[in-house]
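Heads up: the first sequence begins at 1 in the working numbering, then just goes up one per residue.
No lab work stands behind these hints: they were computed from the structure.
Bear in mind the structure is a predicted one, so any value in this text is a computation, not a measurement.
Heads up, a few of these hints could be off.
No more than 20 Å apart at the CA atoms, straight line, and that leaves these computed lysine-lysine pairs for PhoX-like [as the list claims (entries may be wrong)]:
{"hint": "1", "residue 1": "192", "residue 2": "179"}
{"hint": "2", "residue 1": "123", "residue 2": "135"}
{"hint": "3", "residue 1": "401", "residue 2": "99"}
{"hint": "4", "residue 1": "292", "residue 2": "455"}
{"hint": "5", "residue 1": "179", "residue 2": "135"}
{"hint": "6", "residue 1": "94", "residue 2": "200"}
{"hint": "7", "residue 1": "432", "residue 2": "401"}
{"hint": "8", "residue 1": "455", "residue 2": "445"}
{"hint": "9", "residue 1": "449", "residue 2": "419"}
Computed beta-carbon distance windows for the label pairs [what the hints assert, rightly or not]:
{"hint": "10", "residue 1": "77", "residue 2": "142", "range": "46 to 54 Å"}
{"hint": "11", "residue 1": "414", "residue 2": "77", "range": "48 to 56 Å"}
{"hint": "12", "residue 1": "83", "residue 2": "321", "range": "40 to 48 Å"}
Heads up, the beta-carbon is just placed ideally off N, CA and C, and yes, glycines get one too.
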Amino acid sequence: MPIHLFDSLERAIKPLAPAHPDGVFRFYNCGPTVYAPAHIGNFRTFVVNDVLRRLLELEFGADKVKHVRNLTDVDDRTIGQTQKEKRPLAEITKKWTDKFHADCDALNCLRPHAEPTATGYIKEQVNMIEVLMEKGNAYRAADGSVYFKLESFPGYGALSRIKERELKITNIVADADHKDSVSDFALWKAYKPEEDGDVKWPGPRGASAGRPGWHIECSAMSKSLLGDTIDLHSGGVDLLFPHHENEIAQSECCNGTTFAHHWYHSEHLLVEGTTMSKSKGNYYTLTDLVEKGYSPMAVRYALLMGHPRKQLNFMLDSLRAAESALATLRAFRSAMGDSTGMVNVYASVVAALHDDLNTPAALGALFTAINQSKPSDVNAALFDRAMFALGFDLTAPTAPKVEVPAAITALAAQRWAAKQAKDFPTADTLRKELTAAGWSMLDSKTDYKLEPHKKA
RNA sequence: GGCGCGGUAGCCAAGUGGUAAGGCCGAGCUCUGCAAAAGCUCUAUGCGCCGGUUCAAUUCCGGCCCGCGCCUCCA
1 MPIHLFDSLE
11 RAIKPLAPAH
21 PDGVFRFYNC
31 GPTVYAPAHI
41 GNFRTFVVND
51 VLRRLLELEF
61 GADKVKHVRN
71 LTDVDDRTIG
81 QTQKEKRPLA
91 EITKKWTDKF
101 HADCDALNCL
111 RPHAEPTATG
121 YIKEQVNMIE
131 VLMEKGNAYR
141 AADGSVYFKL
151 ESFPGYGALS
161 RIKERELKIT
171 NIVADADHKD
181 SVSDFALWKA
191 YKPEEDGDVK
201 WPGPRGASAG
211 RPGWHIECSA
221 MSKSLLGDTI
231 DLHSGGVDLL
241 FPHHENEIAQ
251 SECCNGTTFA
261 HHWYHSEHLL
271 VEGTTMSKSK
281 GNYYTLTDLV
291 EKGYSPMAVR
301 YALLMGHPRK
311 QLNFMLDSLR
321 AAESALATLR
331 AFRSAMGDST
341 GMVNVYASVV
351 AALHDDLNTP
361 AALGALFTAI
371 NQSKPSDVNA
381 ALFDRAMFAL
391 GFDLTAPTAP
401 KVEVPAAITA
411 LAAQRWAAKQ
421 AKDFPTADTL
431 RKELTAAGWS
441 MLDSKTDYKL
451 EPHKKA
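With the sequences and hints as input, model every part of the structure.
This is the structure we're talking about:
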């Protein structure tokens with residue numbers, strides 16, 4: 001069965017296939033804004049999209065997929081951060097881009113084939129805006145900004161069904177006074193010295209210097225790197241409106257053709273049953289979780305425990321569950337060796353994944369297959385391919401390197417000596433002390449290991 | 001106010017008009033000085049509540065209760 005995926009535009013599950021004659025599947029995935037560390041909610045989307053990327057490669061061939069994911073390195077938030085820190089924009093975005101890459105690597109996400117930045121595609125964005133102005137889809141406002149003229153695009157709202165909704169009247173956009181209509185959105189924002197610092201570029205013909213609006217970057221980068229029509233455009237649900245709706249308007253008016261054949265949106269991650277926010281104390285970055293003693297691979301597993309199109313309730317307990325499940329997979333894989341057995345784990349896993357990216361069903365299928373088979377009955381190469389599809393690296397470190405305090409090392413050494421001398425009462429007392437101090441001592445025949453307890 | 005989603009065992013979570021995947025936890029056992037790891041076994045007569053349709057509903061329809069998300073900052 002080919003890959004089937006829900007299409008947010010048609011609201012139906014549809015098969016995925018490259019439309020271009022060259023057979024290359026064109027995949028654009030909205031990336032992060034690099035002004036702060038990404039949180040695990042962001043990573044849910046990126047991990048889900050990574051599984052999608054892997055499935056596409058397995059289905060069409062690694063050389064027949066072009067995956068583009070942008071980095072938003074100029075917008076209100078990044079500029080706001082430069083003002084807050086009094087540091088150059090490039091310095092801030094570089095720092096958080098590097099961190100994002102490190103986190104993605106730790107989560108075993110494949111790098112996109114291209115990772116364009118908004119600042120690297122100013123010219124392309126300006127070009128598109130000029131075309132839109134020439135075609136009458138955009139206009140210059142009094143302050144030198146450029147806005148998209150919503151009424152010029154009758155198809156607006158198809159993705160989000162915005163016309164069927166009644167918007168809260170309180171949400172009047174701040175700079176509405178410059179627009180012909182409150183719903184028109186910015187393609188180009190005129191430079192404001194008090195807010196923008198030194199961040200500005202020459203604008204489209206007839207407009208002021210300034211910077212691109214947020215939405216135009218994806219349209220321009222997608223066009224430059226993948227062409228006028230792409231096979232799949234994805235992102236988090238929150239981008240569905242207005243971001244993706246606006247992208248469609250810009251791209252289709254500029255290019256005069258369909259922008260994307262398929263739209264996919266992954267749902268939000270909830271933490272402890274509610275939206276993650278710093279004030280609720282349930283806001284986690286990857287680093288936060290690693291510092292609590294969890295492995296990035298367990299985070300990846302936990303992020304795949306729920307259906308990508310349903311909100312997933314993330315709990316710290318999920319991470320413990322993921323850690324244990326992964327340990328089972330490691331042990332099973334290790335016992336498998338180079339087995340060329342008949343059991344095809346990949347088939348059942350990929351069938352679930354091809355069915356609208358049902359990752360929890362895939363994990364269920366994985367364990368069902370494992371529970372019904374001996375390691376030696378399973379085909380190792382196919383098992384590994386299933387791991388590839390899910391992106392589980394079973395060889396990744398399971399726990400971060402932690403410095404063992406000298407006092408703990410000493411206690412452990414004492415207990416080991418007592419055990420060697422068969423002084424078990426002393427050994428047990430020392431084990432209790434270690435446990436009380438938050439450490440587990442794991443004995444083997446000839447050696448021992450120390451592991452810190454996980455933090456709540 | 002509008003749009004939408006969900007309520008399945010202690011926790012997380014698939015799924016189906018024909019009688020409940022899976023993971024974790026827990027319990028028992030094997031192994032082991034102890035602990036851990038590993039292995040084996042067990043763990044929802046039940047799928048928010050009330051009606052309806054049906055030979056049959058957790059699955060379809062209606063009503064109700066509860067929770068959550070979104071409505072131009074947002075993965």
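Hint check:
Between the alpha carbons of residue 192 and residue 179 the distance comes to roughly 17 Å, so the proposed pair stays at or under 20 Å and holds. Distance hint between residue 123 and residue 135 is fulfilled; the C-alpha atoms sit about 18 Å from each other, no more than 20 Å. Distance check on the hinted pair: residue 401 and residue 99 sit about 19 Å apart at the alpha-carbon level, within 20 Å; holds. For the hint linking residue 292 to residue 455, the alpha-carbon distance of about 5 Å falls within 20 Å, and the restraint holds.
Simply put, residue 179 and residue 135 have alpha-carbon atoms about 18 Å apart, close enough for the 20 Å limit, and the pair holds. Annotation: proposed proximity of residue 94 to residue 200 holds, straight-line Cα distance about 18 Å (limit 20 Å). Straight-line distance between C-alpha atoms of residue 432 and residue 401 comes to about 23 Å, which puts the hinted pair past the 20 Å bound. Only pairs whose Cα atoms come within 20 Å are accepted, and residue 455 paired with residue 445 is rejected, the gap being roughly 29 Å.
A threshold of 20 Å between alpha carbons decides the hint, and for residue 449 with residue 419 the separation of about 14 Å falls inside it, so the pair holds. With their beta carbons about 26 Å apart, residue 77 and residue 142 fall outside the hinted range of 46 to 54 Å. As the Cβ distance of residue 414 to residue 77 is approximately 53 Å, the hint placing it in 48 to 56 Å holds. Between residue 83 and residue 321 the Cβ separation comes to about 43 Å, which falls inside the hinted range of 40 to 48 Å.
Violation of the numbered hints given earlier is confined to hints 7, 8 and 10; the remaining hints are satisfied by the structure.
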